[in-house]
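A.B. asks: What follows is each chain in one-letter form.
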Amino acid sequence: MSTSNRGTPLVELRDISIAFGGIKAVDHVSIDLYPGEVVGLLGHNGAGKSTLIKCLSGAYQADSGEILINGEKVEIKNPRDARAQNIETIYQTLALADNLDAASNLFLGRELVNSMGFVDETKMEAETRKIMGRLNPNFRKFNVPVSALSGGQRQSVAIARAVYFNAKILIMDEPTAALGPHETQMVAELIQELKAQGLGIFLIEHDIHSVMKLCDRAAVMKNGQLVGTVKVDEVTDEDILGMIILGKKPAKAA
Amino acid sequence: MTDTSHRPQTQEKDGPIAAFLRATELDPRLIGMVGALFMIWVGFHVYGEFVLGDGSFLTPRNLWNLSVQTASIGIMATGMVLVIITRNIDLSVGSIVGVTGMYMGLLQVEWLPQWLGLGHPMIWVITVIFGLAVGALIGAFQGSLIAYLSIPSFIVTLGGLLVWRGVAFLAADGRTISPVDATFNLIGGGPFGAIGGTGSWIVAAIAAAGVIWMIVNGRANRKLHGFPLRPMWAEVFMAALGLGVIGGATLVVNAYPWPKGILKQYYEGLGQEVPENAFISHGYAYPVLILLVVAIGMTILMTRTRFGRYVFAIGGNPEAAALSGINTRAMTVKIFTLMGALAGLAGVIASARLNSATNALGDLDELYVIASAVVGGTSLAGGVGTIYGAIIGALVLVSLQTGMVLIGFGDGSYRKIVIGAALVLAVYLDILYRKRIK
Chain A
1 MSTSNRGTPL
11 VELRDISIAF
21 GGIKAVDHVS
31 IDLYPGEVVG
41 LLGHNGAGKS
51 TLIKCLSGAY
61 QADSGEILIN
71 GEKVEIKNPR
81 DARAQNIETI
91 YQTLALADNL
101 DAASNLFLGR
111 ELVNSMGFVD
121 ETKMEAETRK
131 IMGRLNPNFR
141 KFNVPVSALS
151 GGQRQSVAIA
161 RAVYFNAKIL
171 IMDEPTAALG
181 PHETQMVAEL
191 IQELKAQGLG
201 IFLIEHDIHS
211 VMKLCDRAAV
221 MKNGQLVGTV
231 KVDEVTDEDI
241 LGMIILGKKP
251 AKAA
Chain B
1 MTDTSHRPQT
11 QEKDGPIAAF
21 LRATELDPRL
31 IGMVGALFMI
41 WVGFHVYGEF
51 VLGDGSFLTP
61 RNLWNLSVQT
71 ASIGIMATGM
81 VLVIITRNID
91 LSVGSIVGVT
101 GMYMGLLQVE
111 WLPQWLGLGH
121 PMIWVITVIF
131 GLAVGALIGA
141 FQGSLIAYLS
151 IPSFIVTLGG
161 LLVWRGVAFL
171 AADGRTISPV
181 DATFNLIGGG
191 PFGAIGGTGS
201 WIVAAIAAAG
211 VIWMIVNGRA
221 NRKLHGFPLR
231 PMWAEVFMAA
241 LGLGVIGGAT
251 LVVNAYPWPK
261 GILKQYYEGL
271 GQEVPENAFI
281 SHGYAYPVLI
291 LLVVAIGMTI
301 LMTRTRFGRY
311 VFAIGGNPEA
321 AALSGINTRA
331 MTVKIFTLMG
341 ALAGLAGVIA
351 SARLNSATNA
361 LGDLDELYVI
371 ASAVVGGTSL
381 AGGVGTIYGA
391 IIGALVLVSL
401 QTGMVLIGFG
411 DGSYRKIVIG
421 AALVLAVYLD
431 ILYRKRIK
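Chains as they are written, first to last, in full-length UniProt numbering: chain A, 1 to 254; chain B, 1 to 438.
Okay, chain A solo, but in the shape it has when bound (with noise of 0.2 Å):
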C-alpha cells in the first residue's frame, strides 16, 4: 500500500465483520489511518459504513477482526472504552438528549463533579462557554434544552463534545448534512484545523466534492465490503463515482 512508508498507523481496523440476523453487514473489511490524517468513507446507504465505524466508537462489537490502535491491540467492548482510547464520535443522529441544556449534553458521561462529588453546573457552564466561544461565537442558548436549538447549533454543540474531551481519533457521521452553506464552511476549516492538531478524522460523507476537498484518502464499501481505498489526489471525482456505483476500483490507483 502506498501508505505503508509511515510508521505505525493511529488506527487500524483489520478484517473486521459484523452480521445482523444472517446479513453481513460488514464483510472482512481492513482500513487504516494515520495521525493528522482524514480519511472518507463512502458508499450508498447500507453499504456498512456506520456499521462498520459503530464497531470502532464502542456502539456495536465485531463478530470477528481486530482493533489497533497505535499499534496495539484493544478490546473496543462500549463507548466509554472508546472514549478511553480518545475516540470520539459525532453520530449522523448527533446523540443529544433533547431535553437537556447545551452543557449537560457536552459533559454527558463525564460530568464535572466537584471536591463533594456533586455535579458542577456552573463550571461545566462557563467551559461550554468557552468552547463554543471559539466554534460557534454566535452561540447564545445556554440555558434552554437543546430542542431549542437550530440544527446548526446542534451540531456545534456535538463537534464541541467531541472536540473538548482532547479526541486523538475523530469519527464524523455525515457532519454536514443537516447544515447551511456558512456553517459547512465552519466544519470544513474546523477539520482543516484538527488535522493540522495531528487528529486522525474518519468521515462518513455522501458528498464527493467534500470528500476530494477534505479527505487525504477515500474508502468506499458496497455491500458490506471494501471496494479500495484510494488517495484523493490520484483519482477524479469520477473515479470515485464508479467504485461507488459499480464497486470497481480504477486501473490506475490499484
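Honestly, the hints are just simulated from the structure, not real lab data. Heads up, the beta-carbon is just placed ideally off N, CA and C, and yes, glycines get one too.
Heads up, incomplete: computed chain A residues facing chain B, CB under 7 Å, no partners named:
1) A59
2) D98
3) N99
4) L100
5) L108
6) G109
7) T122
8) A126
DEER-style ranges, computed between Cβ atoms:
9) A/A178 <-> B/S150: 30 to 36 Å
10) B/I151 <-> A/Q192: 48 to 54 Å
11) A/D15 <-> B/F141: 39 to 45 Å
Okay, the calculated bits of chain B under chain A, using three or more residues with CB under 8 Å as the criterion:
12) 221-234
13) 311-319
Assemble the complex: chain A is given as a structure, and chain B must be docked to it using the hints.
C.D. replies: Using the frame of chain A, we list chain B on its own:
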C-alpha cells in the same frame, strides 16, 4: 474572548409578569400548581362554610392531618418521578406497600419478640431496615426483568401488582396483625408521633438557614463564573417567600393542640393533674419529616448528581445516553430498586399509621402515586419531571380526597369521580402549557 462569551443576554421588553418570572426564575408551572392547590383548599372551605355552616378545611387540625396523609403517597411519588422520566411505569408500588407492611407486621409482632422480648428497643429499627430491604429487593428484581430481559415495565409491574398482593395475603393467611410495636407506631404520626412546638421551630430554623444559604451560595457561585445575576429584589423576594412558607407551615402545625383525651393520658403518665388552659402543640409529625428528608435527598440526587443527570438523559434520548457510555440497563435496575425501597418506606409509614398490618394496605396506591407524579408535571413521554412537583401533586390529590370526605361526599364513588376527572384535566392543562411554550 471571555468578555464576548459573557455578554449579558439580550433584554427583551416584556410585561411585568414576564419580567417578574424572568428575574425570580420561578417555574410558571409551579405557580400554577400551587394556585390550583389553594383554589381546592379555599373551595372546600368555602363550600363547608356556606353549605354546611362549618368550614373545616382550612383548620390547623385538617391541614395537619393532610400533611400526614400525604406522606406515604408523596414519598412514593418522588420515586415514581424517576421511573416515569426514564419512560417506564411502576404499577406494583401499592402491592409492595402491602407485602412489606405484612412481613414487617409479622417480623415485629410475631418473630422478633420471641428472640428479643416484647417491646425491645431494637425491634422497630430492625423492622424498618427489613422493610426497606424487602422493598428494594423486589424493586431490583423487577428492574432486572425490565432491563436485562427487555420485558416492558408495564407488564413486569402489572404482574408484580398481582403477585405481591397475593403474597401479602398468603404471608399471614389474610389475618390482620395488630397492634404493631409501640415505637414503630410513632413513625405513623399521631399526637405522640410528632416533634411538638419547640422541635418544630428548631426544624423551621434549620430549614430557614438552609434557604438563606442556598440563595447566598448560588449568588456567590454565579458571581465567581461571571454569569448574569438575579436582581437583588428578586433574591430578597425568594428568601422572603421561602421563609414565609416555612414559618406559615410551622405556625399551622403548632396551632393544632393535643385533644383532651391525649392531654389527660399524658399528664396521668407524669402523675399530674391536667393544668387549666393546657395547650400542647402537635408540631410536625414524624412521617412529614421523613417526607421532607426524602424530598430533599431526592432533589439533590436528581439535580446535583451524575445519577440524576443520567436519569434525565435516558428519558430524553435513551440511545444518546447509551452512546455517551451510560450503562442504561444498570440505571434501570437502580431506579426500580430505589422505587422499591421508597415503597417499603411508605409501607413503614402506612402500617405504623394504621397500627396494624393488613393485606389490603396500600391498595390502589399505585394509581395515586402515578397520578401525583403526572399532576406534578412529570411527562409520560419521558425526560421531564421534578420532585417538588410530584409532592405538590400528591398534596393536590390527597386534598381532593380529604376535602370530599369533609364536605360529605366521602363514600368513595364521588371521590373517585372527582379524582379521576382531576387527573385527566391536569394532564390536559399540562399539554396546553407545553404547546404554548413551544
